[in-house]
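Participant: Sequence:
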Amino acid sequence: MTDLRPGLSPDLHPFIAGLPKAELHVHHVGSASPRIVAELAARHPDSKVPTDPEALADYFTFTDFAHFIEVYLSVVDLVRTPEDVRLLTFEVARDMARQNIRYAELTVTPYSSTRRGIDERAFMEAIEDARKAAEAEFGTVLRWCFDIPGEAGLEAAEETARLATTDGIRPEGLVSFGLGGPEIGVPRPQFKPYFDRARAAGLRSVPHAGETTGPETVWDALRELGAERVGHGTSSVEDPALLAHLAEHRIALEVCPTSNIATRAVATLDEHPIRAMVDAGVLVTVNSDDPPMFGTDLNSEYAVAARLLGLDERGVAALARNAVEASFLDPAGKARLAAEIDAYTEAWLAR
1 MTDLRPGLSP DLHPFIAGLP KAELHVHHVG SASPRIVAEL AARHPDSKVP TDPEALADYF
61 TFTDFAHFIE VYLSVVDLVR TPEDVRLLTF EVARDMARQN IRYAELTVTP YSSTRRGIDE
121 RAFMEAIEDA RKAAEAEFGT VLRWCFDIPG EAGLEAAEET ARLATTDGIR PEGLVSFGLG
181 GPEIGVPRPQ FKPYFDRARA AGLRSVPHAG ETTGPETVWD ALRELGAERV GHGTSSVEDP
241 ALLAHLAEHR IALEVCPTSN IATRAVATLD EHPIRAMVDA GVLVTVNSDD PPMFGTDLNS
301 EYAVAARLLG LDERGVAALA RNAVEASFLD PAGKARLAAE IDAYTEAWLA R
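Quick note: the sequence shown uses my numbering, first residue 1, plus one each step.
Simulated from the structure, these hints should not be mistaken for laboratory data. Note that the coordinates shown come from a computational prediction; the quantities given were computed from them, not determined experimentally. Just so you know, even glycine gets a beta-carbon here, dropped at the ideal spot from N, CA and C. Mixed in with the good hints there might be a few duds.
Unchecked claim - So the derived label-pair ranges between C-beta atoms look like this:
| # | residue 1 | residue 2 | range |
| --- | --- | --- | --- |
| 1 | Gly295 | His245 | 15 to 23 Å |
| 2 | Pro240 | Asp129 | 41 to 49 Å |
| 3 | Arg98 | Asp167 | 31 to 39 Å |
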């Protein structure tokens, strides 16, 4: 088991900036920086989204989770053509590369685009073209998680499952199947048939659960949806038996500290349950969720986690290795990235 040991390093930001990293919980549209959002908004002037990148900071100030969803969907509405999809995807990869993110599993919601009239095959071609171009230019490897927007119900679930499992449509980079959106009023068990289909097609199960509801939602994700990782899982700390189960079975939690504060899922950073998760032996990964919307990025989230957990450079590197372990990279890819993290850390400490 990875050891997250406390340390005394006063400023880890330079170390974190150069650290090779993987990110497992980050949303496609939610990763659009103010620069990208402003360009998309300028393309579609009928939108209420500001075209001024500076004005977006105020626009991305949320009163609660419901308001976040409202704003998020207004940005989703800016992605209307295959060219928009390609621009968004490639530029998100560029921003990731600047943070030394070597591998990312990007959560994509194809239903949001196909229901707005983007041809499904053109959508797949756009994300795949951007994925391959980004890997060639930046060295950042992208893989996809197709997620059901829970608020859209079973119609969205059926469409997402179809796109994720149909030969000739399913993209090469797809590795997992998820469930996002609001949790309150959207019970997890209703989505079991769709997760069953996706898992039978070889996709891994990564639903959101326990962010704005209690630990019973996480249990539902595990028992009904076969979750192999859990998005957020914040309320898991309320149930010692659940924490023990997650730890025993190495089911990772995709923890997004700043996101939890921005959506009011957690009141303050100092109250964030990440320490309790780690103390219980849970495999914790650190992620940015919808970084520009929350005024953060993955480097900042590592710095936040390091402060909350009292980590030194080796502890931060251990967090980075957690993400590699919990990823759906092939074994050789995991070994390469873990070795890169270790080599970077040893070289840094030897300076």
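Participant: With 41 to 49 Å as the target window, see if Pro240 and Asp129 comply at their CB atoms.
Facilitator: holds (47 Å)
Participant: Taking the beta carbons of Gly295 and His245, is their distance inside 15 to 23 Å?
Facilitator: Given a distance of about 34 Å, which is not inside 15 to 23 Å, the answer is violated.
Participant: Do Arg98 and Asp167 keep their Cβ atoms within the hinted range of 31 to 39 Å?
Facilitator: Hint holds: Cβ distance 36 Å, inside 31 to 39 Å.
The structure does not agree with numbered hint 1 stated previously, though it agrees with all others.
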